[in-house]
Amino acid sequence: MGNIIKVMSFKIIKLTAIVCVISLATFPVFAAQTNNQNSEEVKYSPKNLQDKDAMQAEMDFYAGNDHEAELIFTGLKAKKDHDIALWNNQLGSLYLTQGKLKEAKDVFMDAYVLMNDITAFKDLELHSVGLTSSEMTKGYKGDPYEKVFNSFYVGILLYADNDLENALAAFKNGILCDSDVTGKLYKSDVALMYLMASRVELLQKNQSMADDFFKQATEAFYLSHPDNRLLVSQKQGLLDSLDKKQKELLEKETKANIKLEKVTNTLKAEIGKLETDIKLVEDNIEDNNRKISIDSLKDFIDPNDNTLICIETGRGPLKYQTGTYGEKAVFTLKPYPAVGFSITIDNFTQIKAGGFLRNNDVFYQASTRGGRIMDSLLKGKAEFKQTTQDVSNVLSTMSQIYNPYGVFSLLSLASGAVSNATNPYADARHWSLLPAELQIISLRLDPGTHQLQINAYDSTGKAIESSKINVEITNTSNNVIFKRFRGVES
Amino acid sequence: MKKLLFVIFLAFFLTGCVSVNPYVLSKRQTSLDLTNNRGVALFTMKVDNPGGARLLVSNFTAREVNQYKSYNTLGVFSLPLMTENYSAADNLYFCSVVLGSGIYRLDSFNGMVNSFFAMPHTLKTDKIFDIYPNKINYLGRLNFGNFNTQSAFTSLIRIDDASEQDILKFKEIFPVLKDKQISKDSFY
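From first to last, the protein sequence lines are chains A and B. Mapping of the first sequence onto the working numbering: position 414 corresponds to residue 1070, and the numbering continues sequentially without gaps. Mapping of the second sequence onto the working numbering: position 177 corresponds to residue 189, and the numbering continues sequentially without gaps.
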């Protein structure tokens, strides 16, 4: 016994000595590594970066630390993982803010290819459909609204490069992505895409196509105008109810049962009421449309203008998970106080809010694209998790009462393991460096260098942010200037 | 081999590879370290309690919102409220939290009602806020209304910007903030 204690004590002393020696020996190594990590190259190398570091980059961007944000997103992009299109989009927004249009075009185009390729990340997508796998494991391709804005940026940057054919293709792709929504009325309501397509067609001397796109732009502008949004939402709700009732009626009528006559009559009356309500809402929308000015749309496609100034404001929609199991993804928006802008060119000409094309509201586009098939599938996953958890709890209770170490315990453990492995979490990945809104103005500026002072105003008309930029206008008809107001704090 | 791995683990542990948890400011705190991308959120909270029922708010819960992390790994932090956080004269709770830069959701305030048969009570908030690296931000005053001791929950009525009064009082309660620049931000 004494020998055993002796041997054990010796082993403990030996182990402690080894720990001390290794600690002392490795301390300088760790210290040196810490010093090395101060160098940005090591700190932001793809090897040392993890996806979660992107949050730091996001906050750096909104705090105005663009350099750090760029290093992190560039490092993450270099990993070439399943989120590469997301990193490219985030980098693109960052480059636009810095006025690096060429770099922005390159990364947006890389993202564009992946976001619109059905076969990209196919294996990962098939894997994520399983009840026990996460939505986050699939390759990021973005929601329809993200695809729309990616197409817009690709299109406008190609347009600035005078690559009109490809620019038009990108705008048409954006229009197509915009039609990938559940609510019929929310299809193709991004007026900006139609206007850009119209502008490009005009430059290519295709007047009839330009007119056609302008007509669709006007319809989309009315549809997404703030004065109509509530009514459009109301109409969408009524249309959905009508659709449901009509299907129900058809089902009942095919049964041709006398007992059902009363039910079908009630349904017919309800359908009649819904149709009347829809007509009333449509009349209200028509009334509003007559009051909405479309002058800014006409100005936007003025063939004499050679410059587009795009003012991006605030912060795009935030998508996050809620629900008992994080199975629901919801959007929210950080309010940004600036509602209007003025531009002073070379301390002389001042352009005020009226001429800007407004209501290119990213949050509206994001939040009217709900009801994807994937959402109900996620709901299914959450229900599966709940069921397996319930089964596990019941079996656990039964095993405690009837058979503490027997088959119930084993089944309970197995069911619990399945429940833990079930992965119902909604995919919250989103392009968080998008702005909340885009306001664009079309101008004619003489070729050469100009100084622009852009002031941002709140709803009371008080100037809240101001920025001076020098721009170089070339002798072409497609100059594009971007200015971002991020509004981190007042 | 096992021994070697154990020794390496111990060596890491001894050299100080530990993470920093969120914490609240205290009255006696003399320094504020905002390195490693940390920032501070300050906000006040008021409960409209016309009946004068006894309410003891003991903590608030903040949840991490991070699209780049899996939902089951997101942090949930319960942060204490101490006597120095409550100003009876103003009927206000002065809340603070030091967190790593990121996005968070102020989930709720939790406490007890009644002094004898104490019942748990939750003030539901569900508001998002940001923590910027190396910044101290005032976020607003949360107003809870229709307080009812029979109900388990009280809802948030509105958020006001009371920065002028609240920031001065924060500097008075927490001397560590006295010479610090406090910016304005908002819940959303």
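Honestly, the hints are just simulated from the structure, not real lab data. Hints may contain errors.
Claimed, not checked - Facing chain A, a subset of chain B residues (Cβ under 7 Å, in silico):
#1 61
#2 62
#3 77
#4 78
#5 81
#6 83
#7 113
#8 114
#9 128
#10 140
#11 144
#12 155
#13 199
As the list claims (entries may be wrong) - Straight-line alpha carbon distances no greater than 30 Å define the calculated DSSO-like cross-link-like pairs of lysine-lysine that follow:
#14 A:908 to A:929
#15 A:984 to B:192
#16 A:736 to B:81
#17 B:81 to A:975
#18 B:183 to A:975
#19 A:708 to B:58
#20 A:1124 to B:196
#21 B:192 to A:1118
#22 B:58 to A:975
#23 B:196 to A:708
#24 A:778 to B:81
#25 A:708 to A:736
The beta-carbon is built from N, C-alpha and C at its ideal position, and this holds for glycine as well.
Checked hints:
1. The beta carbon of residue 61 of chain B comes no nearer than 29 Å to any beta carbon in chain A, farther than 7 Å, and the hint placing it at the interface is violated.
2. Of the supplied interface hints, the one on residue 62 of chain B is violated, with its beta-carbon coming no nearer than about 31 Å to a beta-carbon of chain A, more than 7 Å.
3. A least Cβ separation of about 5 Å between residue 77 of chain B and chain A falls short of the 7 Å threshold, and the interface hint therefore holds.
4. The interface hint given for residue 78 of chain B holds, since its Cβ lies 5 Å from the closest Cβ of chain A, which is under the 7 Å cut-off.
5. Nearest Cβ of chain A to the Cβ of residue 81 of chain B: about 5 Å, under the 7 Å cut. The hint holds.
6. At about 4 Å, the closest approach between the beta carbon of residue 83 of chain B and any beta carbon in chain A falls short of 7 Å, and the interface hint on this residue holds.
7. The criterion of a C-beta within 7 Å of any C-beta in chain A is met by residue 113 of chain B, whose closest approach is roughly 4 Å, and the hint holds.
8. Given the 7 Å rule on beta carbons, the hint for residue 114 of chain B holds: about 5 Å separates it from the nearest Cβ of chain A.
9. At its closest, the beta carbon of residue 128 of chain B sits 33 Å from a beta carbon of chain A; the interface hint therefore is violated under the 7 Å criterion.
10. For residue 140 of chain B, the suggested interface contact is upheld, since its CB lies about 6 Å from the closest CB of chain A, less than 7 Å.
11. For the restraint placing residue 144 of chain B at the interface with chain A, the shortest Cβ-Cβ distance is roughly 4 Å, inside the 7 Å limit, so the hint holds.
12. Evaluation of the residue 155 of chain B hint against chain A yields a violated restraint, the C-beta minimum of about 18 Å exceeding 7 Å.
13. Below 7 Å, beta-carbon pairs count as interface contacts, and residue 199 of chain B has none with chain A, the closest being about 9 Å; its hint is therefore violated.
14. With a C-alpha separation of about 19 Å, the suggested pairing of residue 908 of chain A with residue 929 of chain A holds against the 30 Å cut-off.
15. Pair hint residue 984 of chain A plus residue 192 of chain B does not hold up; C-alpha atoms about 40 Å apart against a cutoff of 30 Å.
16. In summary, the hint linking residue 736 of chain A to residue 81 of chain B is supported, as the alpha carbons are separated by about 18 Å, within the 30 Å threshold.
17. Proximity of residue 81 of chain B to residue 975 of chain A is assessed by CA-CA distance (about 13 Å); at most 30 Å being required, the pair is judged to hold.
18. Between the alpha carbons of residue 183 of chain B and residue 975 of chain A the distance comes to roughly 34 Å, so the proposed pair goes past 30 Å and is violated.
19. This hinted pair does not check out: residue 708 of chain A and residue 58 of chain B have alpha carbons roughly 35 Å apart, beyond 30 Å.
20. Straight-line distance between C-alpha atoms of residue 1124 of chain A and residue 196 of chain B comes to about 24 Å, which keeps the hinted pair within the 30 Å bound.
21. The hinted pair formed by residue 192 of chain B and residue 1118 of chain A meets the criterion: a straight-line CA distance of about 28 Å does not exceed 30 Å.
22. Note on residue 58 of chain B and residue 975 of chain A: the hinted pairing holds, with a Cα-Cα distance of about 29 Å set against a maximum of 30 Å.
23. A distance of roughly 27 Å separates the Cα atoms of residue 196 of chain B and residue 708 of chain A; the hinted pair therefore holds under the 30 Å criterion.
24. Restraint check for residue 778 of chain A and residue 81 of chain B: satisfied, since their Cα atoms lie roughly 22 Å apart, inside the 30 Å limit.
25. Of the supplied pair hints, the one linking residue 708 of chain A and residue 736 of chain A holds, its CA atoms being roughly 15 Å apart against a limit of 30 Å.
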